[in-house]
Amino acid sequence: MDLDALRFGNFSKLGEAVTDWEQMARKLGELEKTADQDLLQKAVKARWAGVNAGVTREFVAKTAAEFADAHTQAKPSRRSSPTPGSS
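Numbering (my numbering), first residue to last: 1 to 87.
Bear in mind the hints are in silico, worked out from the structure with no lab data behind them.
Backbone N, C-alpha and C fix where the C-beta goes; we use that ideal spot for every residue, glycine too.
There's no promise every hint is true.
[As the list claims (entries may be wrong)] Label-pair ranges, simulated between beta-carbon atoms:
(1) Asn10 <-> Glu58: 45 to 51 Å
(2) Leu39 <-> Asp4: 39 to 45 Å
(3) Asn52 <-> Thr72: 40 to 46 Å
(4) Thr56 <-> Leu14: 23 to 29 Å
(5) Ala46 <-> Leu6: 55 to 61 Å
(6) Ala74 <-> Lys13: 16 to 22 Å
(7) Leu14 <-> Lys75: 34 to 40 Å
(8) Gln41 <-> Ser12: 41 to 47 Å
(9) Gln73 <-> Met1: 56 to 62 Å
(10) Leu6 <-> Lys33: 39 to 45 Å
(11) Trp48 <-> Gly15: 44 to 50 Å
[What the hints assert, rightly or not] Here are the simulated DSS-like cross-link-like pairs (lysine-lysine), alpha carbons at most 25 Å apart as the crow flies:
(12) Lys45 <-> Lys33
(13) Lys13 <-> Lys62
(14) Lys62 <-> Lys33
(15) Lys27 <-> Lys75
(16) Lys62 <-> Lys27
(17) Lys13 <-> Lys33
(18) Lys45 <-> Lys13
(19) Lys75 <-> Lys62
(20) Lys42 <-> Lys13
(21) Lys45 <-> Lys62
(22) Lys13 <-> Lys27
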């Protein structure tokens with residue numbers, strides 16, 4: 001890539017991609033909260049019995065953790081602009 005390509009390039013698509021990614025991260029945050037409050041907490045409180053009870057709780061816990069992991073990975077990592085006068 002040459003200097004002119006950088007100087008005169010159209011970076012609007014990059015801005016759109018960043019916006020889309022931020023929206024996805026917010027949605028994953030909502031899913032993480034729902035998975036914890038609606039799935040995991042209810043599974044912990046459920047009075048399940050039998051062979052599948054432990055397996056089901058473990059599956060729900062792992063599923064909720066996957067939403068948390070996805071949200072963590074999707075959170076935007078932006079560098080803040082330096083404060084004027086600081087270096």
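Hints, one by one, checked against the model:
Distance hint check: the CB atoms of Asn10 and Glu58 are about 49 Å apart, consistent with the given range 45 to 51 Å. For the pair Leu39 and Asp4, the supplied restraint of 39 to 45 Å is violated, since their beta-carbon distance comes to about 53 Å. The hinted range of 40 to 46 Å is not satisfied by Asn52 and Thr72, whose Cβ atoms lie roughly 30 Å apart. A hinted range of 23 to 29 Å for the beta carbons of Thr56 and Leu14 is inconsistent with their spacing of about 44 Å.
Between Ala46 and Leu6 the CB atoms are about 57 Å apart, so this pair conforms to the stated range of 55 to 61 Å. In this structure the hint that Ala74 and Lys13 lie 16 to 22 Å apart at CB holds, the actual value being about 19 Å. A beta carbon spacing of about 19 Å between Leu14 and Lys75 contradicts the range 34 to 40 Å that was offered as a hint. Distance hint check: the CB atoms of Gln41 and Ser12 are about 43 Å apart, consistent with the given range 41 to 47 Å.
Checking the proposed 56 to 62 Å range against Gln73 and Met1 shows it is violated: the Cβ atoms sit about 28 Å from each other. Taking 39 to 45 Å as the suggested C-beta distance range, the pair Leu6 and Lys33 conforms, at roughly 40 Å. Take Trp48 and Gly15: their Cβ atoms lie about 48 Å apart, and the range 44 to 50 Å holds. The suggested pairing of Lys45 with Lys33 holds, with an alpha-carbon distance near 17 Å, which does not exceed 25 Å.
Between Lys13 and Lys62 the alpha-carbon distance is near 36 Å, which puts this suggested pair outside the 25 Å criterion. Between Lys62 and Lys33 the alpha-carbon distance is near 14 Å, which keeps this suggested pair within the 25 Å criterion. Under the criterion of a C-alpha separation no larger than 25 Å, the hint pairing Lys27 with Lys75 is consistent with the structure, at around 10 Å. Among the hinted pairs, Lys62 with Lys27 is consistent with the structure: their alpha-carbon atoms are about 19 Å apart, no more than 25 Å.
About 30 Å separates the Cα atoms of Lys13 and Lys33, which puts this hinted pair outside 25 Å; it is violated. Between Lys45 and Lys13 the CA atoms are separated by roughly 47 Å; this puts the pair beyond 25 Å, and the hint is violated. A hinted pair counts as satisfied when its Cα atoms are at most 25 Å apart, and Lys75 with Lys62 qualifies at roughly 20 Å. Restraint check: the Cα-Cα separation between Lys42 and Lys13 comes to about 42 Å, which exceeds 25 Å; the hinted pair is violated.
Our distance criterion of 25 Å between C-alpha atoms is met by Lys45 and Lys62, whose separation comes to about 16 Å. At roughly 21 Å between alpha-carbon atoms, Lys13 and Lys27 fall within 25 Å of each other, so this suggested pair holds.
Consistency note: the structure conflicts with the earlier hints numbered 2, 3, 4, 7, 9, 13, 17, 18, 20.
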